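J.: Line by line, the protein sequences give chains Y and F. Going left to right, the first sequence walks through residues -8 to 243 as our numbering numbers them. Going left to right, the second sequence walks through residues -8 to 243 as our numbering numbers them.
One thing to keep in mind: the hints can contain errors.
Unchecked claim - Cβ pair distances, simulated, as ranges: (1) W110(Y) x K19(F): 19 to 27 Å; (2) Y121(F) x T147(Y): 43 to 51 Å; (3) I152(Y) x Y50(F): 31 to 39 Å; (4) I67(F) x N(-2)(Y): 48 to 56 Å; (5) L44(Y) x P117(F): 47 to 55 Å; (6) N12(F) x N59(Y): 52 to 60 Å; (7) D11(F) x G214(Y): 28 to 36 Å; (8) Q204(Y) x E192(F): 35 to 43 Å; (9) R184(F) x I152(Y): 41 to 49 Å; (10) Q158(F) x P154(Y): 50 to 58 Å; (11) R184(F) x S4(Y): 54 to 62 Å; (12) N176(Y) x E119(F): 40 to 48 Å; (13) A157(F) x I67(Y): 24 to 32 Å; (14) Y121(F) x G207(Y): 43 to 51 Å.
To be verified - Cross-link-like lysine-lysine pairs, in silico, BS3-like; alpha carbons within 30 Å at most: (15) K15(F) x K219(Y); (16) K219(F) x K15(Y); (17) K219(F) x K49(Y); (18) K19(F) x K219(Y); (19) K15(Y) x K107(F); (20) K83(Y) x K116(F); (21) K219(Y) x K144(Y); (22) K107(Y) x K15(F).
Calculated from the structure, these hints are not laboratory results. None of the values given here were measured: they were computed from a predicted structure. The beta-carbon is built from N, C-alpha and C at its ideal position, and this holds for glycine as well.
2 protein chains.
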Amino acid sequence: MNIILANAEEVNSQRLTLSDNRAKHIVKVLRAEVGDQVRVGLINGDMGTGTILAIKSKYPFSVEMELNLSRQPHSIPPLDLILALPRPIMLKRILSQVTALGVGSIHLINANRVEKSFWEAGILKPEEYYTHLLHGLEQAVDTRLPSVHIHPKFKTFMEDIFPSLAQNYHHLLLAHPTGEQQLGNVIGCKNNRIALAVGPEGGWVDYEVKKFQKQGFHSCTIGERILKVDTAVIALHARISALREVSKVSES
Amino acid sequence: MNIILANAEEVNSQRLTLSDNRAKHIVKVLRAEVGDQVRVGLINGDMGTGTILAIKSKYPFSVEMELNLSRQPHSIPPLDLILALPRPIMLKRILSQVTALGVGSIHLINANRVEKSFWEAGILKPEEYYTHLLHGLEQAVDTRLPSVHIHPKFKTFMEDIFPSLAQNYHHLLLAHPTGEQQLGNVIGCKNNRIALAVGPEGGWVDYEVKKFQKQGFHSCTIGERILKVDTAVIALHARISALREVSKVSES
Chain Y
-8 MNIILANAEE VNSQRLTLSD NRAKHIVKVL RAEVGDQVRV GLINGDMGTG
42 TILAIKSKYP FSVEMELNLS RQPHSIPPLD LILALPRPIM LKRILSQVTA
92 LGVGSIHLIN ANRVEKSFWE AGILKPEEYY THLLHGLEQA VDTRLPSVHI
142 HPKFKTFMED IFPSLAQNYH HLLLAHPTGE QQLGNVIGCK NNRIALAVGP
192 EGGWVDYEVK KFQKQGFHSC TIGERILKVD TAVIALHARI SALREVSKVS
242 ES
Chain F
-8 MNIILANAEE VNSQRLTLSD NRAKHIVKVL RAEVGDQVRV GLINGDMGTG
42 TILAIKSKYP FSVEMELNLS RQPHSIPPLD LILALPRPIM LKRILSQVTA
92 LGVGSIHLIN ANRVEKSFWE AGILKPEEYY THLLHGLEQA VDTRLPSVHI
142 HPKFKTFMED IFPSLAQNYH HLLLAHPTGE QQLGNVIGCK NNRIALAVGP
192 EGGWVDYEVK KFQKQGFHSC TIGERILKVD TAVIALHARI SALREVSKVS
242 ES
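I would like the entire structure built from these sequences, with the hints used as guidance.
T.: Pasting the structure below:
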């Protein structure tokens, strides 16, 4: 935890009292004492510091602090992810990692090569995936939770749901090993929003590629090497961020 | 496995006979039959196809094929990684992932914030880490194994070993959250070799940063967000690759 996150409802006139794993972290890892300041943020809210007023450093741990939250949350990251539902164990890691990297929303969709059993995984319950999103925020020192949307029907998502979202984006990118374009040719200009679609292990089937293209997606490759989905998602996010920073410099 | 990898010693006048998990993969996943061609490569050697001459599709599986290896291996990836020894479970994943992304050599070094117990991990034995490197090659369809070097003494590596390697590199990059430079300002030009140093969870200590700087490393940041080592390594690799491709285009 590089930041202690709390819900607004836990705070009472700038006071926050913790008695769970966050208190344990403050005691055992940060080794904080009365008077010390720790980094604190409200989920989907401001961040700042908490000054420790009282601490119980033996089990059961508890920490009371006074908050001074003067820093606004980061702006919404300019990238949204459309991801063919991956294997549950991989999805957990991807949720934390993309939240740490920064993502606005995550759409988990079906695809031909998604194993049916993945749709029964516990990780698709909000109370379960929430934990992994939170880990990503705690890691990256952010407070803004990505929104997660689950679409078990590919066709419904592509035909009924995505068209109403499309107008939010300046770039629609479909990651595809045999894509015709290089990312660098497609991405430009500042913080315009991008929707990035990443397929399942084995890739999108032709029907799916055509559906995305019909919605205006450009099929892009990042090279010959075939990557696992978890590696590909991070690599694509990082490449897009780097290309944006370069184009910002060259435009300014 | 996107490619079946074999050692040169397993091949006898262009014939390769398999009876281990590779045979199982050909039978169960690829569902290949006599006459079919599968992608085959020799470790640190050429790649091409294997035409199946005989197959035993029930346990114990076996496959005999005739090889036609006409494609040379990829050139050595232009990035070498210097990595403060991470937690063993994370190291396994990083080894596969960076091998899939492409890396020339991997130096695992000590650092102040590396837990001592990590040095006793089984994964540091060649027969154990080899498996994870192989997974990366099988994933990315490559045959060239990265070389792995283990340096349990930070000072020895920095003072006695690295200076003789330094001349191989055009860019020396130290990933550091408070680095003064953006990656994009440091990287340019084609496939000049880069050494990238990535610290442990919690980062490099000042003494270590100074040692790297003394060897000519530029301390670089990829933004405010604090990333876990496994996420950071992939993100840095991807950003460097993207920036290189852009600079190649603008120079040509």
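J.: Confirm or reject each hint.
T.: Taking the hints in turn, this is what the structure says about them:
no., hint, result
1, W110(Y) x K19(F): 19 to 27 Å, "holds, 24 Å"
2, Y121(F) x T147(Y): 43 to 51 Å, "holds, 46 Å"
3, I152(Y) x Y50(F): 31 to 39 Å, "violated, 46 Å"
4, I67(F) x N(-2)(Y): 48 to 56 Å, "holds, 51 Å"
5, L44(Y) x P117(F): 47 to 55 Å, "holds, 54 Å"
6, N12(F) x N59(Y): 52 to 60 Å, "holds, 58 Å"
7, D11(F) x G214(Y): 28 to 36 Å, "holds, 30 Å"
8, Q204(Y) x E192(F): 35 to 43 Å, "holds, 42 Å"
9, R184(F) x I152(Y): 41 to 49 Å, "holds, 46 Å"
10, Q158(F) x P154(Y): 50 to 58 Å, "holds, 57 Å"
11, R184(F) x S4(Y): 54 to 62 Å, "holds, 58 Å"
12, N176(Y) x E119(F): 40 to 48 Å, "holds, 42 Å"
13, A157(F) x I67(Y): 24 to 32 Å, "violated, 43 Å"
14, Y121(F) x G207(Y): 43 to 51 Å, "holds, 45 Å"
15, K15(F) x K219(Y), "holds, 21 Å"
16, K219(F) x K15(Y), "holds, 21 Å"
17, K219(F) x K49(Y), "holds, 29 Å"
18, K19(F) x K219(Y), "holds, 20 Å"
19, K15(Y) x K107(F), "holds, 23 Å"
20, K83(Y) x K116(F), "holds, 29 Å"
21, K219(Y) x K144(Y), "holds, 23 Å"
22, K107(Y) x K15(F), "holds, 23 Å"
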